[in-house]
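Trainee: In case you want the letters, here they are:
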Amino acid sequence: MSGSLARTDRLRALALLSPAYLWLMAAVFLPLSAMAFFSFLSDVPFGGRDWQFTLDNYRAFLETPTYATLLWKSVKLGLIVTALSVLIGFPCAYVLAKVVRGRSREALFLLVILPFWSNSLVRIFSWAIVLRGNGILGSTVDAILPWDVRLNLMFSPTAIVIGLVHSYLPYVILTSYLALQAIDDSLIEAARSLGARRRTILRRLILPLAAPGIIAGAVLIFVPVVGSFMEPRILGGRRGTYYGTVIEDQFVAVFNWPLGAALSFILLAVVLGILALASPAIRRATL
Amino acid sequence: MAVVRTEGLVKTYGATRALDDITLTFPDGGFFGLLGPSGSGKTTLLRAIAGFVIPDSGRVFIDDAPVENVPVEAREIGMVFQNYALFPNMTVAGNVGFGLEVRKVPAAERKRRVAEVLDLVQLGELGDRKPHELSGGQRQRVAMARAIVTRPRVLLLDEPLSALDKSLRVEMQIELKRIQREVGITTIFVTHDQEEALTLSDQIGILRDGRLVRHGPPREVYDNPRDPFTAQFLGEANLFSGTPEPGGLRLADGTLIPGAPTATIAVRAEDLRITLDEPAAPIRLRARLRQRIFAGAMGTCVLDWRGNPLKAIGRDQDFAGLPAQGDVWLSWDSADMIPLSEG
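From first to last, the protein sequence lines stand for chains A and B.
Residue 1 is where the first sequence starts when you use UniProt numbering, and the numbers rise one by one after that.
Residue 1 is where the second sequence starts when you use UniProt numbering, and the numbers rise one by one after that.
It is possible that part of the hints are untrue.
Derived, one-sided and incomplete: chain A residues facing chain B with beta-carbon distance under 7 Å [as the list claims (entries may be wrong)]:
1) Arg-192
2) Leu-194
3) Ala-196
4) Arg-197
5) Pro-208
6) Leu-209
7) Asn-256
In case anyone wonders, no lab produced these hints; they're calculated from the structure.
Treat the numbers as computed from the prediction; the structure is a model and nothing was measured.
Where is the CB? At the ideal position from N, CA and C, for every residue including glycine.
Throw the hints in and build the complete structure from the sequences for me.
Mentor: Listed below in structure tokens is the structure:
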């Protein structure tokens, strides 16, 4: 296409594209290359410190098994949160796209995107109020059930998962919703006229056709959750040490930016590796 | 194969009656065309037979068994949708075999029957293609093959040819008729194209505002439409109303039409003659020619008679001597007058 564009069209395309690409350059590429540079230094190159090039930061990851353990813990967290979000979000998207119509759909949609409009810290701390022992959830369950219930989810992996699923659920709902919307109702009617029951229609028609949306949502969730640090820190307390919190510590508490940068790039490589490994399956599902 | 019967079907959407007391029998093995303008309820009727529309009252019978408690997937119908609704994630063979797969037909038999029906619709070679790689006519054939491979009791076609261009449509009409004859399934077919309905059907039913206006064999309905709506909907008919007198029908302008059988009569556009000089025929009218439309072999004249638009259709050379506009004489034979009831 671009090869056949006339000169003036090409100039116009360049003019239209350049703001976005300049911004992406400035906002993504420059900081990322600075970080890549830092990750090969022995100390931060400012504040009058001595520094030289080194591979120690990457070696530290290999020599300290804790990092790999934490990375695996974070990947597991990512898988659990992604799986739960898809399991909860897809049915929700299905109802929004195929069952409810008109105004009630708008209202339900608003409820889905509401989390996007609130500050993430507020969101997490409100979960803290709900989840802590004697908190809203604990007291309610205690009041309803006749026996004595001591429900304290706060500072547990469960709390972290709840908080993360809540934060990221809208992504998978929105992407699945768009994919489901694109499925013509007459396809479902045609399958019914051929004798297919609900489960068959879901398995043979709806899931394959909505797969691109589900996968897009899953990737959008998995990537940030593996590197998440705020939810683990606030909702996980002392047990909330994950790969993401370790990276955050390097930058905020220990002030070892080079190590933090190196750990970040290892995370990036691992996430890209996982997505690359999954891509044949993804391609099969979306074709 | 089965007889389909509806009894007093009523369906309302808000204030509109989509189906208003439809009682109709669709004969076994027949090709029944449901015809009507958009919003006449023809698609609603088809969908009620399929089970997608639940009627407010009335019943649907397939082979004398009521089906109101039988869901779509258990009614053993075959349906072709207006947009074909082929499954984009499956191949042609996958689409056609879907109904057999659902019925747990063994793979070997499934393969044989899919090949057989693809041969019937002349798509034997294309089993491995995906729907998006097919042309409109091929998609139509796949949709047809998919609907008949399960040997349904009834085949329902919802404007199956409307997405095709004209020349392909005529070709597919012949195909459709051939396939239906070969399989012999009771077929109910919805269209707004009167020519299509007349070509394909053994029986037609004409709907208007949710009511069945008329039904019967196409020729009978065409030749004797009985009511003004059917007369104007099937073919181009010109209506004349007046006061009956012993000598004939006295029109509002005082013209006497001798031999007119009823207070309202219809004359088909192809039966109107236009001349510049006053004809000798006993039935003649003075009218004004407004426009001549050239459309290849056939031409249309748009006329005005005392504020009423009239239409005449004929071979272009029949209109050769006429001016583009001006006063002309209209005449017709008394045998061409169609008696109509008031409506």
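Trainee: Hint by hint, where does the structure go against what was stated? Just the numbers, ascending.
Mentor: Going through the list in order, the structure violates hint 7 alone and respects the others.
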